[in-house]
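*Asks:* Those sequence lines, one after another, are chains A and B. Under this note's numbering, the residues of the first sequence are numbered 10 to 122, in order. Under this note's numbering, the residues of the second sequence are numbered 2 to 117, in order.
No wet-lab data here; the hints were simulated from the structure. Be a bit skeptical, because a hint or two may be false.
[To be verified] Computed, partial: chain B to chain A, Cβ under 7 Å:
1) ALA2
2) GLN43
3) LEU47
4) LYS50
5) GLY54
6) PHE107
7) LYS112
[What the hints assert, rightly or not] List time: in silico BS3-like cross-link candidates among lysine-lysine, alpha-carbon distance up to 27 Å:
8) LYS62(B) to LYS20(A)
9) LYS109(B) to LYS20(A)
10) LYS109(B) to LYS66(A)
11) LYS62(B) to LYS66(A)
12) LYS50(B) to LYS62(B)
[What the hints assert, rightly or not] Restraint-style ranges between C-beta atoms, simulated for each label pair:
13) HIS19(A) to SER114(B): 20 to 28 Å
14) SER109(A) to GLU67(B): 18 to 26 Å
15) HIS38(A) to GLU65(B): 42 to 50 Å
16) SER53(B) to LYS23(A): 47 to 55 Å
17) THR56(B) to SER109(A): 17 to 25 Å
18) ILE116(B) to SER71(A): 41 to 49 Å
19) PRO41(B) to THR29(A): 19 to 27 Å
20) LYS66(A) to GLY29(B): 20 to 28 Å
The structure displayed is predicted, hence computed values, not measured ones. Ideal Cβ placement from N, Cα and C applies to all residues, glycine included.
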Amino acid sequence: DTGVSQNPRHKITKRGQNVTFRCDPISEHNRLYWYRQTLGQGPEFLTYFQNEAQLEKSRLLSDRFSAERPKGSFSTLEIQRTEQGDSAMYLCASSLEQGSEQYFGPGTRLTVT
Amino acid sequence: AQSVTQPDIHITVSEGASLELRCNYSYGATPYLFWYVQSPGQGLQLLLKYFSGDTLVQGIKGFEAEFKRSQSSFNLRKPSVHWSDAAEYFCAVAAYSGAGSYQLTFGKGTKLSVIP
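Let's have the full structure, built from the sequences with the hints guiding it.
*Replies:* What follows is the structure, given as structure tokens:
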């Protein structure tokens, strides 16, 4: 299967702990996106990479959030000092060209207790 | 700023019946429009997209959608629903952000239940 993969699929953590998620995009896609989806809502844009460059960040991405994409391949999203409000599904997507369709991974469901 | 409205939070249909899910968008330029489907605990699967050209677009799993610029709508249809279509459906508009990306703005989704 050559789709977008995300790990872990589920993460339970205590408030105040740090967590890191990984996304492996479709291999030939140079554009990578992170979204957050809370219960009863559609996904909301967090950040965007073109190759290794992080070109855009949403105001939803507070200082506790950081994302990287070293070498323009996989990406990581780290949340420091987690809060209960961070509980959500974190989705990664990739696309081949500007404006083309985005393909989504299965997501990482984060629960902060 | 762009926005997407899906007026129906939850729709229930009988298997074999026809389906129409409504989507209205707000965007100043020509929109790129998408419908995605999400099964419980899963990511989003692209059903179909509209970029330009023919306003009636065909997608996977027998779905189609019609772009109506005058009504700012992009409604999703299927002539005969199958039990496996039960899922949540999201309409999205892609807007150019000015930083080289097309951000997707999603509606809140419509949950479809299918009665056998």
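*Asks:* Per the hint of 20 to 28 Å, is the separation of the Cβ atoms of HIS19(A) and SER114(B) within bounds?
*Replies:* The hint (20 to 28 Å, Cβ to Cβ) holds, given that HIS19(A) and SER114(B) are roughly 25 Å apart.
*Asks:* Are the Cα atoms of LYS109(B) and LYS66(A) separated by 27 Å or less?
*Replies:* 21 Å, holds
*Asks:* Hint says 47 to 55 Å; check whether the CB-CB distance for SER53(B) and LYS23(A) agrees.
*Replies:* 49 Å, holds
*Asks:* Does GLN43(B) pass the interface check with chain A, least Cβ-Cβ distance below 7 Å?
*Replies:* 6 Å, holds
*Asks:* Do the numbers back the hint for LEU47(B), that is, is its least Cβ distance to chain A under 7 Å?
*Replies:* Cβ of LEU47(B) sits 5 Å from chain A, so the hint holds.
*Asks:* Would the hint on LYS50(B) be counted as holding, given a Cβ-Cβ threshold of 7 Å to chain A?
*Replies:* 5 Å, holds
*Asks:* Is the hinted range of 17 to 25 Å satisfied by the C-beta distance from THR56(B) to SER109(A)?
*Replies:* Between THR56(B) and SER109(A), where Cβ atoms are some 20 Å apart, the hint holds.
*Asks:* Classify the hint on GLY54(B) as holds or violated, based on whether any CB of chain A lies nearer than 7 Å to its CB.
*Replies:* 15 Å, violated
*Asks:* Return holds or violated for the Cβ distance of PRO41(B) and THR29(A) against the range 19 to 27 Å.
*Replies:* At roughly 25 Å between Cβ atoms, THR29(A) and PRO41(B) fall inside 19 to 27 Å, so the hint holds.
*Asks:* Are the Cα atoms of LYS50(B) and LYS62(B) separated by 27 Å or less?
*Replies:* 14 Å, holds
*Asks:* Is the gap between the beta carbons of HIS38(A) and GLU65(B) within 42 to 50 Å?
*Replies:* Violated: the Cβ-Cβ distance is about 27 Å, outside 42 to 50 Å.
*Asks:* The hint names PHE107(B) as touching chain A; please verify it with the least Cβ-Cβ distance against 7 Å.
*Replies:* This hint holds: PHE107(B) lies near chain A, its Cβ roughly 3 Å from the closest one there, short of 7 Å.
Hints 1, 5, 7, 8, 11, 15 from the list above are not met by this structure, while the remaining hints are.
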